[in-house]
Amino acid sequence: MQKQPIEQYHTIKLLILEDVPEDAELMRRELENAGYILKYVVADDKTTFTAGLENFQPDVILADYMLPTFSGLEALVISKDLEPDIPFVFVTGAVGEEIAAETILSGASGFVLKSNLGKLPEVIRDIFSGEEKWYNKRLARTNKRIGDRVKSNVKLLEKIYLFLESQKEMESPTDKELREAMNEILHLEKKSPQKKKNN
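Going by full-length UniProt numbering, the first residue of the sequence shown is number 1, and it counts up by one from there.
These are computed hints drawn from the structure, not numbers from a lab.
Here a beta-carbon is modelled for each residue, glycine too, at the ideal position from N, C-alpha and C.
Heads up, simulated BS3-like pairs for lysine-lysine below, C-alpha to C-alpha not over 25 Å straight-line:
#, residue 1, residue 2
1, Lys-144, Lys-39
2, Lys-159, Lys-144
3, Lys-114, Lys-13
4, Lys-13, Lys-80
5, Lys-80, Lys-46
6, Lys-144, Lys-155
7, Lys-114, Lys-39
8, Lys-13, Lys-144
9, Lys-80, Lys-39
10, Lys-119, Lys-80
11, Lys-80, Lys-144
12, Lys-114, Lys-46
Label pairs and their in silico Cβ distance ranges:
#, residue 1, residue 2, range
13, Ser-166, Gly-107, 47 to 57 Å
14, Gly-107, Arg-29, 21 to 31 Å
15, Ala-181, Asp-85, 34 to 44 Å
16, Glu-158, Ala-101, 48 to 58 Å
17, Asn-183, Pro-68, 48 to 58 Å
18, Arg-125, Phe-163, 47 to 57 Å
19, Tyr-161, Ala-101, 55 to 65 Å
20, Lys-80, Gly-147, 19 to 29 Å
From just these sequences and the hints, can you work out the full model?
Here's what the structure looks like:
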């Protein structure tokens with residue numbers, strides 16, 4: 001018996017590009033009824049879509065083909081530029097076969113008509129059928145985010161350390177303890193496995 005998505009993947013993070021709230025709700029409901037646990041963000045223009053892509057770090061993007069001020073194809077280009085490994089699925093109203101083919105040729109992972117939302121869970125399952133490949137990509141994205149955050153924190157710590165070094169002449173015992181603690185943190189970071197792996 002095949003495992004349910006909920007057992008295999010637990011929570012899936014969705015970025016939904018849709019200007020009609022009711023349609024976004026129908027997509028969510030269709031996937032939850034199929035057993036998926038979802039965290040999701042809804043965007044309705046270029047600004048909110050880009051912010052969602054960068055800050056929310058979705059596992060899957062569902063996008064309408066045409067919105068009032070933005071198009072799904074534009075969103076696909078942005079997605080492939082910033083996060084090329086995130087699957088991108090068009091969920092849209094009636095369109096011709098030519099447009100459907102264009103979306104796939106442009107790099108979309110799937111295409112579902114809003115009039116046939118029952119196919120959406122199947123499309124998501126197909127995306128995740130290469131489970132190991134998908135999991136490795138997800139793990140790589142997570143590791144990259146953690147690595148970027150560590151690098152950012154180390155840079156901040158180095159700035160604080162340099163400032164404290166410049167204040168040595170006027171330091172109190174408390175200042176000295178803080179400086180020594182900062183020195184230890186920087187020393188530990190240089191010896192960390194993540195740092196060694198990157199070198």
